[in-house]
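Residue numbers (numbering that gives the first Met the number 0), protein chains in the order written: chain S, 0 to 170; chain B, 0 to 141.
In case anyone wonders, no lab produced these hints; they're calculated from the structure. All residues carry an ideal CB built from backbone N, CA and C; glycine is no exception. Treat each hint with caution, since some may be false.
Away from chain S, derived, C-beta distances all over 12 Å, residues of chain B [as the list claims (entries may be wrong)]:
1) M21
2) L38
3) K109
Taking lysine-lysine pairs in the DSBU-like style, the calculated list, with each CA pair at most 35 Å apart, reads [said to hold, decoys possible]:
4) B/K56 / S/K115
5) S/K90 / B/K67
6) S/K81 / B/K63
7) B/K109 / S/K77
8) B/K109 / S/K46
9) S/K46 / B/K121
10) B/K63 / S/K70
11) S/K81 / S/K46
12) B/K97 / S/K70
13) S/K90 / B/K56
14) B/K109 / S/K111
15) B/K67 / S/K81
16) S/K77 / B/K91
17) B/K56 / S/K89
18) S/K70 / S/K120
19) B/K121 / S/K77
20) B/K129 / S/K77
21) S/K77 / B/K97
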Amino acid sequence: MSSSGSLALPPSIEELPLELLHGELVCSGILLSYEEGDGDSSELLSKLEFIGFSTGYRLIERLLRDSPRFKDELDTIKFICKDFWVAVYKKQIDNLRTNHQGTYVLQDNSFKFLSKLSATKQYLEHGPKFLSYTCGIIRGALANLGIASVVIAEISTMPSCRFHITIPRAG
Amino acid sequence: MSTGGNYYFVIVGHHDNPLFEMDFSPTTKEVKKEDHSYLNQFIAHAALDLIDEHVWKTNNMYLKIVDKFNDWFVSAFITGSQIRFIMLHDCKNDDGIKSFFWEMFEMYIKYSMNPFYVQNTKIISPTFEKKSSLYGRKYLVG
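Between the sequences and the hints, there should be enough to build the whole structure, so can you do that?
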């Protein structure tokens, strides 16, 4: 009978509830859309995106409590890549590219919600559905900072994915 | 000897709408106040432009004194999501006001994380009011 003091869980267990909950949300949404509708999951995806939007909107206020305000857009996107991503997924974005004209590409080589699915082509078709919640989170966070944006995601190989943020320039 | 210790606090949303207002005054001042609340709102509203200018000059959240009207000073605090906290006061109390702003900021964050609260709408919560009057007594008037 080993004596264990406090229940020290390995770090990867902390994120598990969120990953599993999100996975269930998407999967049961897909199954429901097959049962009731015609398998068209675009309504599910826009609901997920909106849920993500509200989440990101509220989350960013809490996360900005201790950091100074941002000088420009690039600083804001860098914050999203580092602190914001760490807060939600416990890791940073692996690659950020920009054309300095309002388009940013964030690459995550091992996206949390996809890493438990597969590392091969098996579920590639369903992969993008797991990204709409995150697109919403990013859009919501930027919206509360006063930046209207469009966020889309794409997967080339599991489990890495890219998020494209487009910020329309005025005039 | 100027009348010391009167404060008017307002949280202003993105559309220049007040989300929360509260007056603080030393406990002994009674019926003497001929309701100047409209004037307070006017001064705070006029200060919004100056606050927007100051926002570009600094990265801090606490903007100290941004404006002055007759004997009222206007201090401001702006959060990351551009919500503005404005304090009208007639005597300098930098430390007290700064601490008060930070406490109100923490409370505002907790309140805005509630999924039932729609951003930029009035804050209606008896706990919020009770806590603000508590902090007001602690940092401003006490």
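Cross-check of the supplied hints:
no.	hint	result
1	M21	holds (21 Å)
2	L38	holds (30 Å)
3	K109	violated (8 Å)
4	B/K56 / S/K115	violated (46 Å)
5	S/K90 / B/K67	violated (47 Å)
6	S/K81 / B/K63	holds (30 Å)
7	B/K109 / S/K77	holds (25 Å)
8	B/K109 / S/K46	holds (25 Å)
9	S/K46 / B/K121	holds (26 Å)
10	B/K63 / S/K70	holds (19 Å)
11	S/K81 / S/K46	holds (26 Å)
12	B/K97 / S/K70	holds (22 Å)
13	S/K90 / B/K56	holds (33 Å)
14	B/K109 / S/K111	holds (27 Å)
15	B/K67 / S/K81	violated (40 Å)
16	S/K77 / B/K91	violated (38 Å)
17	B/K56 / S/K89	holds (33 Å)
18	S/K70 / S/K120	violated (42 Å)
19	B/K121 / S/K77	holds (32 Å)
20	B/K129 / S/K77	violated (38 Å)
21	S/K77 / B/K97	holds (29 Å)
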